Every structure is written in C-alpha cells, then in structure tokens.
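Please build the complete structure, drawing on both the sequences and the hints.
Protein sequences appear in the order of chains W, H and S.
1 is the number of the first residue of the first sequence in my numbering; add one for each residue after it.
1001 is the number of the first residue of the second sequence in my numbering; add one for each residue after it.
2001 is the number of the first residue of the third sequence in my numbering; add one for each residue after it.
There's no promise every hint is true.
Said to hold, decoys possible - Okay, derived cross-link-like pairs now, DSBU-like style, lysine-lysine, Cα gap no bigger than 35 Å in a straight line:
hint, chain 1, residue 1, chain 2, residue 2
1, W, 140, S, 2052
2, S, 2058, W, 54
3, S, 2006, H, 1068
4, W, 8, W, 23
5, W, 15, W, 84
6, S, 2164, W, 58
7, W, 54, W, 113
8, W, 205, S, 2052
9, W, 203, S, 2052
10, S, 2164, S, 2058
11, S, 2052, W, 138
12, S, 2201, S, 2322
13, S, 2201, H, 1023
14, S, 2225, S, 2164
15, H, 1073, S, 2278
16, W, 58, S, 2322
17, H, 1009, S, 2052
18, S, 2294, S, 2263
19, S, 2058, W, 64
20, H, 1009, S, 2006
21, S, 2201, W, 210
22, S, 2263, H, 1009
23, W, 54, S, 2263
24, H, 1073, S, 2058
25, H, 1066, S, 2294
26, H, 1023, S, 2005
27, H, 1023, S, 2217
28, S, 2058, W, 138
29, W, 58, W, 192
30, S, 2006, H, 1073
31, W, 210, S, 2052
It is worth saying that the hints were derived from the structure and are not from the lab.
It should be emphasised that the depicted structure is a prediction, and the values quoted were computed from it without experimental measurement.
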Amino acid sequence: MIDNNLVKKCKEASKRMRINAIKMTHNVGNVGAHIGGALSMIEIMSVLYLGVMKYDIKNPLMEKRDRFILSKGHGVIAQYAALKEAGFLTDEDLLTFKQNETQLYAHPSMNLKMGIEFSSGSLGQGLSLGVGTALALKQKNNTSSRIFVLLGDGECDEGSVWEAAASANHYQLSNLVVIVDKNNLQYDGQTKEILSMDPLEEKWKSFGWKVLSINGHSEKDLLTALNSNSNVPIAIIANTVKGKGVSFMEDNVLWHNNRLTENQLIQAMEEQED
Amino acid sequence: MTNLEKYTKAFEETFNITAEQTKGLEYQAISEWDSVGHMSLIAALEDAFDIMMDTDDIIDFSSFEKGKEILAKYDVDVK
Amino acid sequence: MIEYKKSNIKLWSRLGSCGAFGFAANELAQTNDNVLMVTSDLCFYSGLDRFKSQYPNKLFNVGIAEQNMVGVASGLANEGFIPFATTYATFASARCADQVRVNMGYMNLNVKLVGLTAGLSVGILGPTHISIEDIAIIRSIPNIVILSPADCTETVKATIAASKIDAPVYLRLSGPMNNPIVYTDDYNFEIGKAITLIEGKDISIIATGTMVYNSLKAAEILKEKYSICASVINMHTIKPLDKNAVDMACESNLIVTVEEHSKIGGLGSAVSEYLSEKTNKPPQLILGLSDEYKHAGSYDYLIQQYGLTPEKIADNILKKYKNIER
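So this is what it looks like as structure tokens:
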C-alpha cells in the first residue's frame, strides 16, 4: 500500500528540486549545464532520497545504508538537489556548482560524506560498480541494503552496460535495482535515430532481469516499483520526458546541455508556480 | 636410502600423505595432487635425483606407478 | 607462511609468473579474509585452480568481459575488500584503460590489477596478445603503483606486498614458464625501493622484470670480456620510481635501462624523465622493444629479434660506452 502522505512529501520535494536545478543551471552562466537529463530524473531522485533509501546524514558510512550510483553522471544537478532535500548539502553548497574548487563538479565526484558513493561521468561504468557492490554486500552478509543504479537510455548504447547486466543476472543479485531514465533523447538527437535500443524492456528481460515499465514522473508509480521485491535483479524502465517541467526544454535536444538567459529563467520559474 | 624410499618420500612430503597412501595414487585423486601439487612433486623429484625432466614426461607423469617408468628414462631405477 | 626455500623457488620458476601468482593468492586467502580474486575467464590461466577449489566463494569469474571485471573489482574494493583482478596485460591496460583510469586512478580504489603475460611470452599468439605498451598506459594514470617483478620468487613477494598497501596496484607479470631465477634465497622486498644486485662503478644497468636476469648475464659478459664493471639494479617498482637509486646510478659513466616493454613510455622513459630534472648526469641508453609489431614468434625468437639477449644487451652497452667522452 502506498502511503499518500509520502507521495505528497515526494511531490513537494520534486517541485523544490526542479526549481533548484533551474537555479543552479542559471547560476553557472555561459558554460551552461546538463539540465535536460537532470529534469527527466527529478522524480526518480526525490522518491529514492525521500521515500525509499535508507541513509543517515550523521553517519554517511553506515554499513546498512542503501547505495545509490548515478551512472549517467551528467544528470548530477538532480542528485545535488536531492542531496539538499536529504540534508547532505545546503543551499549555499548548491550555488557552488561548477565553480572553481567546488565539491559539486559537473559530474559526481566520490565523496561519501556528501552522500556520493562513486565518481562517474564516463558512461557505461556505474552498473559494473553496482554489481561489485552487490557482490560485496552479499559477501559481508549484509542482506538489508539495496543498490540502486540510475542509467540513461542513451547510456545503454555502451557495451559495458550489457556486460554488467549479464553478470548481475549470473550472480542473481536480488539486492540490485537499475532505473533507466528513458527520455528518448541523447546528445545528437532521438535515441531511435542515433542507435535504437528498442525494445529496451525486452533486452533487460532477456538478460534475466525482472522488468517494470512505469511513468518516471509519477511519484506513486516510482514508490511502488522501487519497493518491489524479486529473486533476480530489477530493471525499472522509467518513461520520462527530457527537460520535464519547462515547456521550452521538454523533448528538445537543444537542452541536453545549455545555458539559461535571464528571460528564460523568468519563464522557467513562472512555470514552476501553481 | 633406496631410490624407492626417496621416490616415496617425495610423494609423502609434497602431498602430506603416508607411504601407504602413495600406492596406486593417481593425478587429481587427492586435492593436494592438483596442477600446482604436480609441479611441486616434479620439483621435489628433480631435486632428489638431480635430474631435469622434459615437459612431455612431466605431462605423462600421471600416477605413482607411471612415474617409476618415467624416471627409468633418466637412469633412475625405482624398483 | 610461505617458505622461501629452494624447492619452492624452483617450483615457482617452473610454474611461471602466473602460477607463482596463484600460489601467492592461496597464501593470501589463508591470511587475509578480505582478499578476493576476480577474473575474466582466465581462472586457470592465472594459476587460480587451487584457489578456486579451496575458496570457491572468494573467486568471481565474470566471463570474457574485462571492462566489467574492473568495475566489479572496484565495487568490491569500495566496500573494503582487496580484489585482485586478472587478465592478459594488454586487456588489463589497453582494453580497460578508461575503467582503470576512472576507478583506480581518479577514485583511487584499492584494486590490484594483474596483467598476465606482459611482454613477449605469448609472442606466438601475435600482437593481439603480447603487451608492450601496458607500462606506458598505466604509468600515465595518476595514483597507480606499478610492480614489475624480476622472477617468480619476486612475483610471490610482490603479490603479497601489493595486498598490504592501501593503494591501487598494477602487477605486471612477465616471462615464460621455467622463468630464470634471479633470487635463490629469501630477501627483503619493499615497494618503491630498488635492489642493487651487483655493484660496479663504470656503468649502471637499471632493469625491470625479465630483463633483470638478462642484465645480470650481460654484466658478466662486460666484466669477463672487457673488464667493464657494471652494476645491476632491479627496479621492481616502476611507479613510484626509486629516485635515490637513480641518483646513485648517476655516479657511474653511463646509465642503461633495460625492459621487456616498448622503449616508449616504460622504465626507460621514467628514468629519463627524472634525469631531465638533473644537471650532473651521465648519458642514458634505453634498451627495450623497438616501436613496431614484429612477426609472431616464440619467446626466445622474439627476444633475439628485439635484441634483448644478454649478448645483444652487452654489445649495445659496449657500443654506447665506447662512444661517450669521459
């Protein structure tokens, strides 16, 4: 049964996180940021951090914590926004994003005290780390912690993703969950035009995973899917919209990485009201 | 020490077994006689009899009994 | 406890560097609960058959998927384990370069990457399987310690030493079966500290891996035929380089580096980079593999072809030595 209060809490967090992601993008000025793929994963992040994962900001190395690995590292603004909601980061921290000497790189940089399990940015590597982590927890008889790995759908072009997917099934890693942020766009255009990986659900299924295909912007769907159990690893295909929540960014490849003008900022922020 | 005693002793020490257990012993019949154990045995025998064995003979060395035949090629009489 | 007795030293040499590594792996499993093995379908080739039968739960064979292997090992390392990940040296370095760079370099994860058959020992399999570039690739990545043992006894020592430091390590295993023996007795092995095997005032030969043995033989030739005294230094740790040892070598008239690796980017380059910072230094001669892929061939054949036999090494040193002004 899904707790409606929890859904509400996540929804409110998603809203604040989207605003923070837009602000962070604007704050970096001309260099811009990977805003499109961050906005598609906002709800995934808010539900993981506020509704699903176990962690303790006072004891970030807690053995029984759940592990989150952001394999699509360029979407990190959404994770920073979630770490702010979780209490790992402050508003001031968020404003250091992409500034010299910041801890908030444009791609996540390993810092467990800040809640970041691994560095990433070079695509296709996070799931292997997830498999290694899942094996390690089994080896340590830690049966309560789970490992969540967030991949992009474009990232699934990388062959190493499938090496890891095969090994997760081989070792029957029931403590491992993959979420694919399927926003159907990659840097150069639509995924189906650049390298079609459809039917993506069938691919994960044929690799031995339990597959759930959901609306990746629905907190309720995400809560249900992320709390489901299985004897085999779970792949959640989260169907999303790149640039979600800002009309001129939605499903627009130009917003993979871009800068926000003052006028665009005003419009984007207006759209967050109501 | 006779050659047979030396030969048996190499098995005993390499595999940590008794002289009784060496009789009829074959490669991989006990966990100690695995590929690493095999090379240990060869090294021990080469030491004991001051010989250098050919690769083919090392591969053919498949049992306690077979080994006696192989050593004969190196003028080591283990009867 | 591993005993460094004659019969074991002979056994390790017989087994070759992979077998010696496997032997050490078993010892580690007995003494350190956190040590794990990860391989990409090269369990037996890595000398791990006994390990597999004795510690089946401590070995992960991820199949022919080297990139995944490095990632899996890194995940294990981040949770406090000490994983040794094994594959051919060329796949460990070139094929997985980015995984090695991000996980072991950037994240500094405590993975011990084992490069099997580095150099020319599988020369008959052709250029896809030999590895003449691995030191160059890995040396350019920050944080990774590079160990290149001189013989199979040193392979055992280096494996154990690698498990004891909290740092990513690349362990370069080279040489054929019946690996020539440099160390006939126990000795002290310390990461980062080169070992002077013989002293000689005229020339300093700094060698690594299999070329330590050949350099010792070359030094004998120089002494017996030409009365030239060459010291031979075993640079078993290529990174961090033992700069003191290079400083000492500067007191001779010529520094020679010898390696079973490309002349580009290996030990010779490491020494040369350090020498470039110094003002008073002798000339350096870099001996190693020329910048080309030769015909497939046996180990001995290729060592001949590349001019790394003791005789050829001595000849080349002599030629250079005669031409330097003193």
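Hint check results:
Annotation: proposed proximity of residue 140(W) to residue 2052(S) holds, straight-line Cα distance about 19 Å (limit 35 Å). Between residue 2058(S) and residue 54(W), the direct Cα distance comes to roughly 28 Å. Compliance with the 35 Å bound is thereby established for this hinted pair. For the suggested pair residue 2006(S) and residue 1068(H), the alpha carbons sit about 24 Å apart, so the restraint of at most 35 Å is met. Proximity of residue 8(W) to residue 23(W) is assessed by CA-CA distance (about 23 Å); at most 35 Å being required, the pair is judged to hold.
Of the pairs offered as hints, the one joining residue 15(W) and residue 84(W) holds, with about 13 Å between alpha carbons and a cut-off of 35 Å not exceeded. The straight-line distance between the Cα atoms of residue 2164(S) and residue 58(W) is roughly 31 Å, inside the 35 Å bound, and the hint therefore holds. At roughly 15 Å between alpha-carbon atoms, residue 54(W) and residue 113(W) fall within 35 Å of each other, so this suggested pair holds. Distance hint between residue 205(W) and residue 2052(S) is fulfilled; the C-alpha atoms sit about 31 Å from each other, no more than 35 Å.
Restraint check for residue 203(W) and residue 2052(S): the C-alpha separation of about 32 Å stays at or below 35 Å, so the hint holds. Between residue 2164(S) and residue 2058(S) the alpha-carbon distance is near 18 Å, which keeps this suggested pair within the 35 Å criterion. Distance check on the hinted pair: residue 2052(S) and residue 138(W) sit about 18 Å apart at the alpha-carbon level, within 35 Å; holds. Between residue 2201(S) and residue 2322(S) the alpha-carbon distance is near 15 Å, which keeps this suggested pair within the 35 Å criterion.
For a cut-off of 35 Å, the pair hint linking residue 2201(S) to residue 1023(H) is broken: about 58 Å separates their Cα positions. Between residue 2225(S) and residue 2164(S) the alpha-carbon distance is near 44 Å, which puts this suggested pair outside the 35 Å criterion. For a cut-off of 35 Å, the pair hint linking residue 1073(H) to residue 2278(S) is broken: about 60 Å separates their Cα positions. Distance hint between residue 58(W) and residue 2322(S) is unfulfilled; the C-alpha atoms sit about 69 Å from each other, more than 35 Å.
With a C-alpha separation of about 28 Å, the suggested pair residue 1009(H) and residue 2052(S) falls inside the 35 Å cut-off, and the hint holds. Restraint check for residue 2294(S) and residue 2263(S): satisfied, since their Cα atoms lie roughly 14 Å apart, inside the 35 Å limit. Distance check on the hinted pair: residue 2058(S) and residue 64(W) sit about 22 Å apart at the alpha-carbon level, within 35 Å; holds. For the hint linking residue 1009(H) to residue 2006(S), the alpha-carbon distance of about 17 Å falls within 35 Å, and the restraint holds.
Annotation: proposed proximity of residue 2201(S) to residue 210(W) is violated, straight-line Cα distance about 70 Å (limit 35 Å). Between the alpha carbons of residue 2263(S) and residue 1009(H) the distance comes to roughly 49 Å, so the proposed pair goes past 35 Å and is violated. The hinted pair formed by residue 54(W) and residue 2263(S) fails the criterion: a straight-line CA distance of about 52 Å is larger than 35 Å. Among the hinted pairs, residue 1073(H) with residue 2058(S) is inconsistent with the structure: their alpha-carbon atoms are about 42 Å apart, more than 35 Å.
As the CA atoms of residue 1066(H) and residue 2294(S) are separated by approximately 42 Å, the hinted pair breaks the 35 Å bound. At most 35 Å may separate the alpha-carbon atoms for a hinted pair to count; residue 1023(H) and residue 2005(S) meet this at roughly 28 Å. Simply put, residue 1023(H) and residue 2217(S) have alpha-carbon atoms about 45 Å apart, too far for the 35 Å limit, and the pair is violated. A threshold of 35 Å between alpha carbons decides the hint, and for residue 2058(S) with residue 138(W) the separation of about 12 Å falls inside it, so the pair holds.
With a CA separation close to 44 Å, the supplied pair residue 58(W) and residue 192(W) exceeds the 35 Å bound. For the proposed pair residue 2006(S) and residue 1073(H), the alpha carbon gap of about 25 Å is at most 35 Å, so the pair holds. Simply put, residue 210(W) and residue 2052(S) have alpha-carbon atoms about 30 Å apart, close enough for the 35 Å limit, and the pair holds.
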